[in-house]
Amino acid sequence: MALPSSLEELIEALRCLPGVGPKSAQRMAYHLLQHNPRGATRLSQALATALDTLRRCERCNNFTESEVCSRCQSSKRDATQLCIVEMPIDLNTMEQTHAYNGLYYVLMGRLSPLDGIGPRELAFERLLSRASDGLVKEVILATNFTNEGEATAHYLSEMLHARGIKVSRIARGVPVGGELEYTDAATVAQAFIERRDY
Amino acid sequence: MSAKQRIDGVAAFLLHSHPYSETSLVLDVFSREHGRLPILARGARRPRSALRGTLIGFQLLELGWFGGGEVKTLAKAEWCGGIPLLKGRCLLLGYYLNELLLKLLPREDAHPTLFDSYAEAIGALANGADDAPELRRFEKALLKEIGYGLSFGHDADGAPVEAQQRYGYFIERGLIAIDDAEGFTLSGKTLLDIDADDYSDPRTLSESKILMRQLVSHQLGDKPLQSRRVFIDLHEL
Ligand SMILES: [Zn+2]
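Residue numbers (the numbering used here), protein chains in the order written: chain A, 1 to 198; chain B, 1001 to 1237.
Misleading hints may appear alongside valid ones.
Stated by the list, open to error - Simulated crosslink set (DSBU-like; lysine-lysine; CA at most 30 angstroms straight-line):
#	chain 1	residue 1	chain 2	residue 2
1	B	LYS1087	A	LYS166
2	B	LYS1209	B	LYS1223
3	B	LYS1076	A	LYS23
4	B	LYS1103	B	LYS1223
5	B	LYS1144	B	LYS1087
6	B	LYS1209	B	LYS1189
7	B	LYS1223	B	LYS1144
8	A	LYS137	B	LYS1087
9	B	LYS1144	B	LYS1189
What the hints assert, rightly or not - With the Cβ distance kept under 8 angstroms, some of the chain B side facing chain A (calculated, not the full set):
#	residue
10	PRO1019
11	THR1054
12	GLY1057
13	LEU1092
14	THR1113
15	PHE1170
16	GLN1226
17	SER1227
What the hints assert, rightly or not - Per label pair, the in silico range of CB-to-CB distance:
#	chain 1	residue 1	chain 2	residue 2	range
18	A	ASP197	B	PRO1019	36 to 42 angstroms
19	A	ALA79	B	GLU1033	54 to 60 angstroms
20	B	GLY1068	A	GLY39	40 to 46 angstroms
21	B	ARG1229	A	THR53	34 to 40 angstroms
22	A	SER132	B	PRO1160	39 to 45 angstroms
23	A	SER75	B	PRO1019	37 to 43 angstroms
24	B	GLY1067	A	SER132	48 to 54 angstroms
25	B	GLY1067	A	ARG126	41 to 47 angstroms
26	A	GLY19	B	GLU1033	30 to 36 angstroms
27	A	HIS98	B	HIS1018	50 to 56 angstroms
Hint data in this document are derived by calculation from the structure and do not stem from the laboratory.
Since the structure is predicted, the reported quantities are computational estimates derived from the model, not experimental observations.
For glycine and all other residues, C-beta sits at the position ideal for the given N, C-alpha and C.
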């Protein structure tokens, strides 16, 4: 028996979420309709409002409700340092460290040659002009330590160097409080290759 | 599942992967004994999955899996080490090799010789050699494995290639001796060197690179190479 078309459409719509297949979409739809209609109303309104009011910050590319987000406008942040991260969630992680007080640029992705994601798709030009504002003295590359994150960091560093900007890369190695015994071999191998004078 | 379908201790490289459901990955793997095949890695995307530090591209792995269907299920993955991580331009070339395998090599046919060529090429790239003979040997091995039987020792008429002669390469015909210098030609010596896997002559290295690119492009047909496009875009900035 066919489902009512509005129910079918809801299930189909939920499938746009990452990792949600037809079965989980069905489960979610029934849950919302049956057990949590108020939650469903709130979700649909929040989604509509977010879509309506959020845009990309002109300076850091993160989501914001104004042209320039409050962090980029803040006089308490050090405008001479610019940290590049892949995703907004990485920015949040950096903020939790309380170790950094500069500004950010969010790439919203990473180079992924096999998926056809290159500098054009990631708007490298925009980032390069942001980093060339005359105030930025150091760019800190905090892309992931995956092959794709490394490729991204490498090419960004070449392009930034060519524009006379100082570039650094966050370090990698054995985690804080980590014991070699419990650290995966690939991490220990790379920590060994990248060992430093001490 | 029967014990027969359990495979263990297979040398393999991870070519690419795609997210599957909330916490898993489908891997596109190139294994020495079983060729290219898709393997489901359950839970590989969980925050503390041990697979995160193991399932790394351009690194020699030892995999075990089970299942008789098209998509296998990963049972075990070990990182073997010995190959430094690829960096910079070499990393992009690594993606190029992976894309060639993904686009040209059919699934589930064993190609141990090609696997060895791939491992050697990755090893050369890991040591920073972005123009290494190993890359040309890999391309040649790939063309041979997919049944593209170009003979580098003979021209289109079956006559032996002569070292002093210059040749042009024509799609669907092969090598033809050419005396005028119009278009891309290469020396007979280059062809004989390729045939013998000898890349000690710098001219052999540079001419073979152009020839291999033409042969590979022909095999790809209208499937564009994403990694090459990204590479070109990057070097234009
Ligand atoms: Zn901002």
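Here's how the hints hold up against the structure:
no.: 1; hint: B:LYS1087 with A:LYS166; in the structure: holds (20 angstroms)
no.: 2; hint: B:LYS1209 with B:LYS1223; in the structure: holds (20 angstroms)
no.: 3; hint: B:LYS1076 with A:LYS23; in the structure: holds (28 angstroms)
no.: 4; hint: B:LYS1103 with B:LYS1223; in the structure: holds (8 angstroms)
no.: 5; hint: B:LYS1144 with B:LYS1087; in the structure: holds (29 angstroms)
no.: 6; hint: B:LYS1209 with B:LYS1189; in the structure: holds (14 angstroms)
no.: 7; hint: B:LYS1223 with B:LYS1144; in the structure: holds (19 angstroms)
no.: 8; hint: A:LYS137 with B:LYS1087; in the structure: holds (25 angstroms)
no.: 9; hint: B:LYS1144 with B:LYS1189; in the structure: holds (20 angstroms)
no.: 10; hint: PRO1019; in the structure: holds (7 angstroms)
no.: 11; hint: THR1054; in the structure: holds (7 angstroms)
no.: 12; hint: GLY1057; in the structure: holds (5 angstroms)
no.: 13; hint: LEU1092; in the structure: holds (6 angstroms)
no.: 14; hint: THR1113; in the structure: violated (24 angstroms)
no.: 15; hint: PHE1170; in the structure: violated (31 angstroms)
no.: 16; hint: GLN1226; in the structure: holds (4 angstroms)
no.: 17; hint: SER1227; in the structure: holds (4 angstroms)
no.: 18; hint: A:ASP197 with B:PRO1019: 36 to 42 angstroms; in the structure: holds (40 angstroms)
no.: 19; hint: A:ALA79 with B:GLU1033: 54 to 60 angstroms; in the structure: holds (56 angstroms)
no.: 20; hint: B:GLY1068 with A:GLY39: 40 to 46 angstroms; in the structure: holds (43 angstroms)
no.: 21; hint: B:ARG1229 with A:THR53: 34 to 40 angstroms; in the structure: holds (36 angstroms)
no.: 22; hint: A:SER132 with B:PRO1160: 39 to 45 angstroms; in the structure: violated (59 angstroms)
no.: 23; hint: A:SER75 with B:PRO1019: 37 to 43 angstroms; in the structure: holds (41 angstroms)
no.: 24; hint: B:GLY1067 with A:SER132: 48 to 54 angstroms; in the structure: holds (53 angstroms)
no.: 25; hint: B:GLY1067 with A:ARG126: 41 to 47 angstroms; in the structure: holds (45 angstroms)
no.: 26; hint: A:GLY19 with B:GLU1033: 30 to 36 angstroms; in the structure: holds (32 angstroms)
no.: 27; hint: A:HIS98 with B:HIS1018: 50 to 56 angstroms; in the structure: violated (36 angstroms)
Checked against the numbered hints given earlier, this structure breaks hints 14, 15, 22 and 27; the rest are met.
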